[in-house]
Every structure is written in C-alpha cells, then in structure tokens.
Amino acid sequence: MTKRYVLVHDENKCIGCQACNVACRSENNVPESVTRIQVRIEGPYGNFPHLHFKYNRVSCEQCENAPCVKVCPTGAAYVNDDGIVSINEKKCVGCLYCVAACPYKVRFINPETRVPDKCDFCKETRLARGEEPACVTVCPTQALVFGDANDMSSEVRKVLDTKPHYQQKVNLGTEPRVYRIPSRKGGIKA
Amino acid sequence: MNNIWGSMEQYDPVVWNWIIAVYLFMAGLSAGSMLVAIGLKWYKQSRGLPTEGLPVIKAAAVIGPVAICLGMALLVLDLTKPFEFYHILLNYNLTSVMAWGVIALLIYIPLVFVFAALVFEKQVLHYAPWLAGVLKVCRQVENTLNKLIFALGLGVGVYTGFLLSAMISYPILNTAVLPALFLASAMSVGSAGNILVATLFFSKKESDCIEQVHRIEYPVAFNEALCLVLLFVGLNFSGPAAQAATAAITTGTWASVFWIGVVGLGLVVPVLASTLAPKAWRHSKGFLITVSCSTILGVLALRHFVVYAGQSYIS
Chain A
1 MTKRYVLVHD
11 ENKCIGCQAC
21 NVACRSENNV
31 PESVTRIQVR
41 IEGPYGNFPH
51 LHFKYNRVSC
61 EQCENAPCVK
71 VCPTGAAYVN
81 DDGIVSINEK
91 KCVGCLYCVA
101 ACPYKVRFIN
111 PETRVPDKCD
121 FCKETRLARG
131 EEPACVTVCP
141 TQALVFGDAN
151 DMSSEVRKVL
161 DTKPHYQQKV
171 NLGTEPRVYR
181 IPSRKGGIKA
Chain B
1 MNNIWGSMEQ
11 YDPVVWNWII
21 AVYLFMAGLS
31 AGSMLVAIGL
41 KWYKQSRGLP
51 TEGLPVIKAA
61 AVIGPVAICL
71 GMALLVLDLT
81 KPFEFYHILL
91 NYNLTSVMAW
101 GVIALLIYIP
111 LVFVFAALVF
121 EKQVLHYAPW
131 LAGVLKVCRQ
141 VENTLNKLIF
151 ALGLGVGVYT
161 GFLLSAMISY
171 PILNTAVLPA
181 LFLASAMSVG
191 SAGNILVATL
201 FFSKKESDCI
211 EQVHRIEYPV
221 AFNEALCLVL
231 LFVGLNFSGP
241 AAQAATAAIT
251 TGTWASVFWI
261 GVVGLGLVVP
271 VLASTLAPKA
281 WRHSKGFLIT
291 VSCSTILGVL
301 ALRHFVVYAG
311 QSYIS
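The listed protein sequences correspond, in order, to chains A and B. The first sequence begins at 1 in full-length UniProt numbering and counts up by one. The second sequence begins at 1 in full-length UniProt numbering and counts up by one.
Excised from the complex, chain A in its bound form (with noise of 0.2 Å):
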C-alpha cells in the first residue's frame, strides 16, 4: 500500500452545520432517503451555565482491518492499493452481511441500486481529479483535514504529530483512518 488516506475531524472546529453532508449528497448522488455522512449533534453536556455539544461525524471509517470486507462473502467489498474500502457492485448479491457487521453502522442499502453505499472519499470523482473529498473542501470552519498519512510532508501528517487525537471503537481492532481531534470541553469519549 503506497497510499494510506485518512481523515481527521476537529471536534473544536466543527459547528455541525451541516454543509459537508449536503456536499456530499450533491457530489455522489446519494438519494434524499439516506445518507453517507451525518455530524450528529449530540448533548448538552456539562453543568449550566457551562455546558457545550459534541459534534459527532458518522461516515465510513475505512478501517483497515475492515470487518464489512471481512465478512463479505463473494470479495464485493474490497480494500483498494490506497486503502479505501470500496464495493464491487457487479459481485454484491445484497445478503446485507456487511451492513450487519459494519461497527459504526455507516453502510446502507442505497435504494437505486440495491447495492450498500457508503462514503469512499469521493474516490472515483473528486479523489481522481486530484483534488479533496467534497466534505473537506466545503468545510466553512476547516474542521476536516484529508490526506495521505504515509507522506510526511502532508498537512494531515502535521495535524496527527502535533495534536491529541482518538478514534472511535478502537477495541474492537479495526484500526479505522478516521481520526478526531476531542473537543477541549468535552474529552474523549469513543
């Protein structure tokens, strides 16, 4: 693997606004029923007058030791050469194995296709012509980084070196490549 793409989501940055996953619905087509990323907001938390929210992102977490491709029996879900976790739509039978498995529970059944979806950082468009997944560039506050871990020179690099940072579900092993930078009020909770 030369490529190992991954994502960080500043949980300080982030106003949950929204405009990552309306990016992304315009940018994949994804049908108004469901949906590759949400930022939930959830809380309050704290004790008046000081409390505050977290801003949750749910979307794919290209795991590297990905269970949905683990349990898929006919190798539609697959690990590309650049890690990104990715469907074989012509090998999917839609037995709904990989939906079930997935931890984060980002997988669905797109409605048109009848073939589980999900976010593969714009990987056939925008990734393709070079430039950043739809979510990271529409971002108002740069609340997303995105890019290649395995360059030491890329900003995403800097971001991980330099600063505190969790993933979610970590004990369950599936090393995801979506990191979070927790937000100074709430801590870490995965």
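Don't read these hints as lab results, they were simulated from the structure. Treat the hints with caution; some may be incorrect.
[Said to hold, decoys possible] Derived CB-CB ranges, DEER-like:
id: 1; chain 1: B; residue 1: L94; chain 2: A; residue 2: D81; range: 29 to 39 Å
id: 2; chain 1: B; residue 1: Y11; chain 2: A; residue 2: G173; range: 48 to 58 Å
id: 3; chain 1: B; residue 1: F222; chain 2: A; residue 2: F48; range: 31 to 41 Å
id: 4; chain 1: A; residue 1: M152; chain 2: B; residue 2: L226; range: 53 to 63 Å
[Claimed, not checked] Just some of the chain B residues that point at chain A, by a computed CB distance under 8 Å:
id: 5; residue: N2
id: 6; residue: C69
id: 7; residue: L77
id: 8; residue: E84
id: 9; residue: N91
id: 10; residue: M167
[As the list claims (entries may be wrong)] Once the Cα atoms are required to be at most 25 Å apart in a straight line, the calculated DSS-like pairs of lysine-lysine come out as:
id: 11; chain 1: B; residue 1: K279; chain 2: B; residue 2: K122
id: 12; chain 1: B; residue 1: K147; chain 2: A; residue 2: K91
id: 13; chain 1: A; residue 1: K185; chain 2: A; residue 2: K91
id: 14; chain 1: B; residue 1: K81; chain 2: A; residue 2: K90
id: 15; chain 1: B; residue 1: K81; chain 2: A; residue 2: K70
id: 16; chain 1: B; residue 1: K285; chain 2: B; residue 2: K147
id: 17; chain 1: B; residue 1: K205; chain 2: B; residue 2: K136
id: 18; chain 1: A; residue 1: K185; chain 2: A; residue 2: K163
id: 19; chain 1: A; residue 1: K70; chain 2: A; residue 2: K54
id: 20; chain 1: A; residue 1: K158; chain 2: A; residue 2: K3
id: 21; chain 1: A; residue 1: K105; chain 2: B; residue 2: K81
id: 22; chain 1: B; residue 1: K285; chain 2: B; residue 2: K204
Every value quoted in this text rests on a predicted model; they were computed, and no experiment measured them. Ideal Cβ positions, reconstructed from N, Cα and C, are used throughout, including at glycine.
Based on these hints, arrange chain B on the given structure of chain A.
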C-alpha cells in the same frame, strides 16, 4: 426525531430480520434431523438391529431436504438482488463464514436428496425407474455418504452460529458459545421434528423407535441450557457494553420471548413432560405431538431472540 442532520432510519441496528431467523431455524432443523437419524442408524447398526423403514429415519428423509430448500428459498428472496444470487456461487471470499456456508450447503443439499432417495427407494423407482442405476451406485457408498452427511450436518449446524458470531460489534452474537448453542438447539429441533413427522405420517405402532430419540433429548436440552447460561454469564465478564446487553433477558419484548418461548416452551415443557407425565401418556400420539411442537416453537423462538435481541445491543 427532529434533527438537522437528517433521517436516522438507515441506522437501525437490526439489519437481519425474521426471514434470517426462520432460515437459521430451517437450516438447524434440516441438519439436526439428519444428525439424529444418522446417529440412530449407527446406534441400531452397532447393536445388529434392523434399520430399514424406521419411522424416524423416514421422517428425517422428508425434513432434511424440505427444510433446507425452504430455508434457501427464504434466504435468496431476502437478498436485495435475488436474481443475481448466482454471484455467491461463483465468487468465494474465504475469510467470510458465509462463503464457507455456501460451500458446505452446496455439497450438503444434493447429499440429503440422495439420502432421501435411498430411504424411499421403492417410491422413487416407481415414479422414476430411470434412476435405478444411480441409486444402485449410491447404495454401495451409503456408509461413506452417511458419514459425509453427518459431518456436513455438523458443519451446517455450527456455521449458522458462526455466521452471527462473526459480527464483532454485537456482544450477544460475538461469542464462541453461539455456534455450540445453535448446534445443540439444532439437535433438539431435529429430534422433535423427526418425532412429529414420524408420529403423524410414518408410525404404525405408537412407540415406534421414539424411545432412542427421547434418550438424546436430555443431554441435548442440558447442553442447550448450559450454552444459554454460559452466553449470559460470559457477557457479564466482557466489559460494560456486553454487560449492558444482558438486559436482553430482563427487559423488553425479547425478554418475554426468551423466558416464555426459549426457556418455557423449548426447555421446561419438554423436560417436565418426559419426567413427570404418567407412563400411559408417554407414547400416545397427542402427547408426542404436543411435546415436539413445544420444542420446535422453543427453537424458533431462540432463533428470533438471538437475531433480534442480538442485534439490538451494540458495543
């Protein structure tokens, strides 16, 4: 819920529904009935007793193929792309339990049909005399065939458990006990199914060889109960998320299904019936039908409980 991030509908943790529960039941029923029938056959053979025309074996010859075919039909119809199911027969990802299940079923299904054809040889030859040659060859390798079916039956029974336990984020499902529990309950539903079909259709005398099947019921029921205890006691020691999942048997609808269906109908009723019922009843048709129906409903409830409650608690 009114939120700004959109519909939460797709995030329902229950992905596999009752269709899968019924499929898991059907696969267990088929595998269990074959295991019990072949086991009984070996038991009789080892004591030099005749095995031809035993009602329980005839019953297994009906249940084995019918249950697995109905189960497969449900499974295929439940796919989001049922007409493209053949891809699963062409592509195999061997890290997937489901792929192993496909391989096992691909061999198991034709073999149970051969088993049935050998049991009902006369009838088969009556309607399809052109099969005589094939059946003759099958008869010669019958012993090997039975061993193979027995091994594959164990495989099918266990794989249905591994299928669910491979899903790492559901604490109730992701345990090593689940395959053992499914195998034990497959044996109990298999013997109950065999007794039911044998009593209804093949039994001339009321006590026809049901005694031996009864004999395996106790150890099987004991194992099933033990697996259930291990499952929930084990959850208590596996961290907070798993501990929270033990609520599955204390609160909500699935707790009632567990205590009334799984424990009550599946374990307590059959065990009490065969220990406390007066001797005169024990081999009466009504008694056998009631008790075996109770066991069958209990195992059906177990599959539903595991599928729904299992997916409702996520770590």
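Hint-by-hint comparison with the structure:
1. Taking 29 to 39 Å as the suggested C-beta distance range, the pair L94 of chain B and D81 of chain A does not conform, at roughly 21 Å.
2. At roughly 22 Å, the beta carbons of Y11 of chain B and G173 of chain A sit outside the given window of 48 to 58 Å.
3. Here the CB-CB span from F222 of chain B to F48 of chain A is close to 56 Å, at odds with the stated 31 to 41 Å.
4. In this structure the hint that M152 of chain A and L226 of chain B lie 53 to 63 Å apart at CB holds, the actual value being about 55 Å.
5. Interface restraint check for N2 of chain B: the shortest CB-CB distance to chain A comes to about 12 Å, outside 8 Å, so the restraint is violated.
6. The interface hint given for C69 of chain B is broken, as the beta carbon of that residue sits about 18 Å from the closest beta carbon of chain A, more than 8 Å.
7. Below 8 Å, beta-carbon pairs count as interface contacts, and L77 of chain B has none with chain A, the closest being about 11 Å; its hint is therefore violated.
8. The beta carbon of E84 of chain B is positioned within 8 Å of a beta carbon in chain A (closest approach about 6 Å), and the interface hint is therefore held.
9. Below 8 Å, beta-carbon pairs count as interface contacts, and N91 of chain B has one with chain A at about 4 Å; its hint therefore holds.
10. For M167 of chain B, the interface hint holds, since its Cβ comes within 8 Å of a Cβ in chain A; the closest pair sits about 5 Å apart.
11. Straight-line distance between C-alpha atoms of K279 of chain B and K122 of chain B comes to about 36 Å, which puts the hinted pair past the 25 Å bound.
12. Distance restraint check for K147 of chain B and K91 of chain A: the Cα-Cα separation of roughly 34 Å exceeds the 25 Å cut-off, and the hinted pair is therefore not satisfied.
13. The straight-line distance between the Cα atoms of K185 of chain A and K91 of chain A is roughly 46 Å, outside the 25 Å bound, and the hint therefore fails.
14. Restraint check: the Cα-Cα separation between K81 of chain B and K90 of chain A comes to about 11 Å, which is no more than 25 Å; the hinted pair holds.
15. Proposed proximity of K81 of chain B and K70 of chain A is supported: the alpha carbons are some 21 Å apart, at most 25 Å.
16. Under the criterion of a C-alpha separation no larger than 25 Å, the hint pairing K285 of chain B with K147 of chain B is inconsistent with the structure, at around 32 Å.
17. For a cut-off of 25 Å, the pair hint linking K205 of chain B to K136 of chain B is broken: about 31 Å separates their Cα positions.
18. Restraint check: the Cα-Cα separation between K185 of chain A and K163 of chain A comes to about 15 Å, which is no more than 25 Å; the hinted pair holds.
19. Taken as a hint, the K70 of chain A and K54 of chain A pair is broken in the structure, with Cα atoms around 32 Å apart against an allowance of 25 Å.
20. The hinted pair formed by K158 of chain A and K3 of chain A meets the criterion: a straight-line CA distance of about 16 Å does not exceed 25 Å.
21. Our distance criterion of 25 Å between C-alpha atoms is met by K105 of chain A and K81 of chain B, whose separation comes to about 21 Å.
22. Annotation: proposed proximity of K285 of chain B to K204 of chain B holds, straight-line Cα distance about 11 Å (limit 25 Å).
Hint violations for this structure: numbers 1, 2, 3, 5, 6, 7, 11, 12, 13, 16, 17 and 19, all remaining hints satisfied.
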